[in-house]
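Please build the complex by placing chain A on the supplied structure of chain G, with the hints as guidance.
2 protein chains.
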Amino acid sequence: MQKLPLEKAFLYVEPGPVVLITTFDGKKNNVMTISWTMVKDFDAQFCLLTGPWNHSYQALVKTKECVMAIPAADIARKTVQAGSCSGSDTDKFKKFGLTPLKAEIVRAPLIKECFVNIECKVEDYVKKHGIFVLQGVNVWINNKNKDKRLFHAVGNGTFTVDGKKLNYRKIMQSKLPAGI
Amino acid sequence: MQKLPLEKAFLYVEPGPVVLITTFDGKKNNVMTISWTMVKDFDAQFCLLTGPWNHSYQALVKTKECVMAIPAADIARKTVQAGSCSGSDTDKFKKFGLTPLKAEIVRAPLIKECFVNIECKVEDYVKKHGIFVLQGVNVWINNKNKDKRLFHAVGNGTFTVDGKKLNYRKIMQSKLPAGI
Numbered sequence: 001m002q003k004l005p006l007e008k009a010f011l012y013v014e015p016g017p018v019v020l021i022t023t024f025d026g027k028k029n030n031v032m033t034i035s036w037t038m039v040k041d042f043d044a045q046f047c048l049l050t051g052p053w054n055h056s057y058q059a060l061v062k063t064k065e066c067v068m069a070i071p072a073a074d075i076a077r078k079t080v081q082a083g084s085c086s087g088s089d090t091d092k093f094k095k096f097g098l099t100p101l102k103a104e105i106v107r108a109p110l111i112k113e114c115f116v117n118i119e120c121k122v123e124d125y126v127k128k129h130g131i132f133v134l135q136g137v138n139v140w141i142n143n144k145n146k147d148k149r150l151f152h153a154v155g156n157g158t159f160t161v162d163g164k165k166l167n168y169r170k171i172m173q174s175k176l177p178a179g180i
Numbered sequence: 001m002q003k004l005p006l007e008k009a010f011l012y013v014e015p016g017p018v019v020l021i022t023t024f025d026g027k028k029n030n031v032m033t034i035s036w037t038m039v040k041d042f043d044a045q046f047c048l049l050t051g052p053w054n055h056s057y058q059a060l061v062k063t064k065e066c067v068m069a070i071p072a073a074d075i076a077r078k079t080v081q082a083g084s085c086s087g088s089d090t091d092k093f094k095k096f097g098l099t100p101l102k103a104e105i106v107r108a109p110l111i112k113e114c115f116v117n118i119e120c121k122v123e124d125y126v127k128k129h130g131i132f133v134l135q136g137v138n139v140w141i142n143n144k145n146k147d148k149r150l151f152h153a154v155g156n157g158t159f160t161v162d163g164k165k166l167n168y169r170k171i172m173q174s175k176l177p178a179g180i
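Chains as they are written, first to last, in this note's numbering: chain G, 1 to 180; chain A, 1 to 180.
If we strip away everything but chain G, and leave its shape as in the complex, we get:
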């Protein structure tokens, strides 16, 4: 995996893909599958919506760290499988063939099989709405990943994989951040 400038992290969250969030609670790694995320700013700030109903919630609150791992479509099935059970009684890494790798800054693991991994600190938790505010601190990309298509949850158990690309860079020129 290669390091990517922090300012490029949002490019992998802005499209609204299914993501994997890893945590380490001091004893065990865990991972959850989620689509309720959004970009908060161009400098690797993100929002994540979750709460006590998810096993990862306690680790997020306690450690204030996680990794947002972005799977490409080649691991769509195991990503969805990881979202269909709980870390409270399952070692999802083992069960679904996901490989935890040591991150550089946070103690939550990177996922070897993911296209992009963003190490994140929890900056704030808006309790009233269940919104975690994350600050990316390190970004890794696996450019050797043959499949670079992200995939998106419809919410009814079906998913769509990125298809045709459209290029409107000329129209958007004045709106793009420098270097993007």
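Everything labelled a hint here was simulated from the structure, so no lab data went into it. Be careful, since some hints might not be right.
[To be verified] Each computed SDA-like pair below joins lysine to any residue, with the alpha-carbon atoms no more than 20 Å apart:
#1 K170(G) with Q81(A)
#2 K170(G) with V154(A)
#3 K78(A) with G97(A)
#4 K175(G) with G157(A)
#5 K175(G) with K78(A)
#6 K128(G) with V122(A)
Just chain A now, kept in the frame of chain G:
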């Protein structure tokens, strides 16, 4: 356009598409293009990230109403064009051939050319983070829209259109809300 049960609104935001947000400030309609949204709950609650740098912000704060309109890929170009200028000096509906239609509950307009339109009330504004919390109150779908593919911003001026579909309903069965 047909009305859709409120509980189905999230199906069109969960995939992370580019959306159009319309407002009516008491004098003029306006529309902005944005990708910084996420689902907040299954009952048509959404988050939207924006602030004073957008012309629509004042109308959102003042009227506490908007429409989240979801374009299909057939109007991708005009959706991006609407995001490349400001309502402060441009009637974007006129300029880009978007047709405002009277909504039922809110005063912000629906967009005729959009696949789905969600009438929303602003429930809260988390000033510290610039997060609007929206509650959908009415959902419209244009089932006659030939193009039902949503499209997603990469953030660099390129976009991806929904391609191949994956069906993991069996894996997710226990996680799906009733009726979805």
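Here's how the hints hold up against the structure:
1. K170(G) with Q81(A): Distance of about 10 Å is within 20 Å: holds.
2. K170(G) with V154(A): Holds, at roughly 14 Å.
3. K78(A) with G97(A): Judged against 20 Å, a Cα distance of about 8 Å means the pair holds.
4. K175(G) with G157(A): Given that 20 Å is the threshold and the Cα spacing comes to 9 Å, the pair holds.
5. K175(G) with K78(A): holds (16 Å)
6. K128(G) with V122(A): holds (15 Å)
Of the hints listed earlier, there is not a single one the structure fails to meet.
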